[in-house]
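J.: The task is simple: from the sequences and hints, build the whole structure.
Protein chains: 2
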Amino acid sequence: MSTAALLVIGNEILSGKVRDTNSAYLSVELRKLGVDLERILTIPDVIEIIANEARAMSESYDFVFTSGGIGPTHDDLTMDGIAMAFDLDIVLNQSMVDRMARHSKAPINDAMKKMALIPEGAEVLDVGGLWFPVVVVSNVHIFPGIPELFEKKFDSIRDRFSGVPFQLRKIYVRENESDIAETLNTLLKEFSELMLGSYPRINEKDYRVLLTLESRDPEYLARATDTLISRLPRDAIHKIE
Amino acid sequence: MSTAALLVIGNEILSGKVRDTNSAYLSVELRKLGVDLERILTIPDVIEIIANEARAMSESYDFVFTSGGIGPTHDDLTMDGIAMAFDLDIVLNQSMVDRMARHSKAPINDAMKKMALIPEGAEVLDVGGLWFPVVVVSNVHIFPGIPELFEKKFDSIRDRFSGVPFQLRKIYVRENESDIAETLNTLLKEFSELMLGSYPRINEKDYRVLLTLESRDPEYLARATDTLISRLPRDAIHKIE
Numbered sequence: 001m002s003t004a005a006l007l008v009i010g011n012e013i014l015s016g017k018v019r020d021t022n023s024a025y026l027s028v029e030l031r032k033l034g035v036d037l038e039r040i041l042t043i044p045d046v047i048e049i050i051a052n053e054a055r056a057m058s059e060s061y062d063f064v065f066t067s068g069g070i071g072p073t074h075d076d077l078t079m080d081g082i083a084m085a086f087d088l089d090i091v092l093n094q095s096m097v098d099r100m101a102r103h104s105k106a107p108i109n110d111a112m113k114k115m116a117l118i119p120e121g122a123e124v125l126d127v128g129g130l131w132f133p134v135v136v137v138s139n140v141h142i143f144p145g146i147p148e149l150f151e152k153k154f155d156s157i158r159d160r161f162s163g164v165p166f167q168l169r170k171i172y173v174r175e176n177e178s179d180i181a182e183t184l185n186t187l188l189k190e191f192s193e194l195m196l197g198s199y200p201r202i203n204e205k206d207y208r209v210l211l212t213l214e215s216r217d218p219e220y221l222a223r224a225t226d227t228l229i230s231r232l233p234r235d236a237i238h239k240i241e
Numbered sequence: 001m002s003t004a005a006l007l008v009i010g011n012e013i014l015s016g017k018v019r020d021t022n023s024a025y026l027s028v029e030l031r032k033l034g035v036d037l038e039r040i041l042t043i044p045d046v047i048e049i050i051a052n053e054a055r056a057m058s059e060s061y062d063f064v065f066t067s068g069g070i071g072p073t074h075d076d077l078t079m080d081g082i083a084m085a086f087d088l089d090i091v092l093n094q095s096m097v098d099r100m101a102r103h104s105k106a107p108i109n110d111a112m113k114k115m116a117l118i119p120e121g122a123e124v125l126d127v128g129g130l131w132f133p134v135v136v137v138s139n140v141h142i143f144p145g146i147p148e149l150f151e152k153k154f155d156s157i158r159d160r161f162s163g164v165p166f167q168l169r170k171i172y173v174r175e176n177e178s179d180i181a182e183t184l185n186t187l188l189k190e191f192s193e194l195m196l197g198s199y200p201r202i203n204e205k206d207y208r209v210l211l212t213l214e215s216r217d218p219e220y221l222a223r224a225t226d227t228l229i230s231r232l233p234r235d236a237i238h239k240i241e
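Going line by line, the protein sequences match chains A and B.
Take the first sequence: its letters are residues 1 to 241, numbered as in my numbering.
Take the second sequence: its letters are residues 1 to 241, numbered as in my numbering.
Everything labelled a hint here was simulated from the structure, so no lab data went into it.
Treat the hints with caution; some may be incorrect.
Since copy identity is lost for identical chains, a pair holds within one copy or between any two.
Calculated pairs, DSSO-like style, for lysine-lysine (alpha carbon to alpha carbon, straight line, at most 27 Å) [unchecked claim]:
(1) 105 with 152
(2) 239 with 32
(3) 205 with 152
(4) 17 with 189
(5) 152 with 17
(6) 114 with 170
(7) 32 with 114
(8) 32 with 105
(9) 114 with 152
(10) 17 with 32
T.: Here it is as structure tokens:
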């Protein structure tokens, strides 16, 4: 079983100027791959905070992802933070500069060169059509904040991350959550390894609670789902997926 | 200056089954109020993790908010986590039970009573039309995960949180970010207290970068904005807000 954590870096998220969509994207994609995302942390553009949090995550999870802070401006401090986390120097990566030169119409200026300053010894993963690679330091994968690029880049290296995927069943229930809570608790005592979620909805007209049942073992999931269905009042079930 | 942190509690967010919108909502609202949101952390439904993170946040920030985990089911562990964080017992709050009884058509069952089990000595804030109050322990404000309720409840007690609001100006620029990076860096050397954001956009046809300038001092912000505008090529500016 593989675990992961995501570090979202950027004042623009914390101050509400830009909405983070990378967290939601990554949570869905990692789930499909069977990797357990266990922590999402959003922090400001401060080198020491980036360094401390990246180091802590690197020690606790199999895969760490960062989002944001790798552009050419003053507030792009992720590379410096990751270098500090692993006590590495920042060096100019000439192959990244050469790649920029091939893709750019204008001459390479200092601001563009800043984007090729990466922690010494970092792995540089080519990602096909994009001119900027994914930089990896230890188990930390450094991604841009721009959603279109974040998604393209993750997609291009997704094969590096995999586990045994969860199987998911959904039951849409018309009852109040408090009226089925006891049934759910009893089910969990019998199926202690089941991941059972119960999510009340306010604005849906056809159901009041979405139940999710998950397991990596399809047979176990089927037994748990059948057991639960048999215990819910027949007309309480709106839909099963 | 007041600071804040948000603790989002729920496997459903980490596994991509439910999209967190409370973070974005709170970031925008706190910004309006002049409170600096400095950290957003999403964690699983595990009592010890909730307790440790809530305690750490409570010590480091003026206001702490939690989202999720206060319903009637097995995976609703926020109250237990907050109680553990502050070494408090969990007790039945009779006024909450009475309030439920007034609002509920059905008799109060055990699952509903579970929602009235809160840390001993907690402050219970009435929030007008809603039958469930906001529970506050020390500086930790406990909110539901359901976005409609999160928003209504925050709105009903927003007067408790306030600071000096930031003033914001936006400049939409047609140049590449790397071509204006040097101008931005120079500006920041002269206006070191300015909060300057630079956000490249890929799919906008009218501009390539959104610049945000912020300060709590309107006069300082006006000077910084005018200085920057005077240094950008005239036809580089698409729009100023």
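J.: Next step is simple, just say for each hint if it's right about the structure.
T.: Hints, one by one, checked against the model:
Within a single copy, residue 105 and residue 152 get their C-alpha atoms as close as 23 Å, which meets the 27 Å cut-off; across copies the closest is 51 Å, which misses it. In this assembly of identical chains, residue 239 and residue 32 lie within 27 Å of each other by CA distance solely inside one copy; the values are 23 Å within and 41 Å between copies. In this homomeric assembly, residue 205 and residue 152 come within 27 Å of each other (Cα to Cα) only across copies, at 20 Å, whereas the closest approach inside a single copy is 37 Å. For a Cα distance limit of 27 Å, the shortest separation of residue 17 from residue 189 across copies, 23 Å, qualifies, whereas the shortest one inside one copy, 45 Å, does not.
Taking the shortest alpha-carbon separations for residue 152 and residue 17, both the intra-copy value of 23 Å and the inter-copy value of 21 Å come in at or below 27 Å. For a Cα distance limit of 27 Å, the shortest separation of residue 114 from residue 170 across copies, 25 Å, qualifies, whereas the shortest one inside one copy, 48 Å, does not. Taking CA atoms no more than 27 Å apart as the test, residue 32 paired with residue 114 passes in neither setting, with 35 Å inside one copy and 34 Å between copies. Taking the closest pair of Cα atoms, residue 32 and residue 105 never come within 27 Å of each other, the shortest separation being 39 Å inside a single copy and 41 Å across copies.
In this homomeric assembly, residue 114 and residue 152 come within 27 Å of each other (Cα to Cα) only inside a single copy, at 22 Å, whereas the closest approach across copies is 45 Å. With identical chains, the CA atoms of residue 17 and residue 32 are at most 27 Å apart between copies only, with a shortest distance of 11 Å across copies and 30 Å within one.
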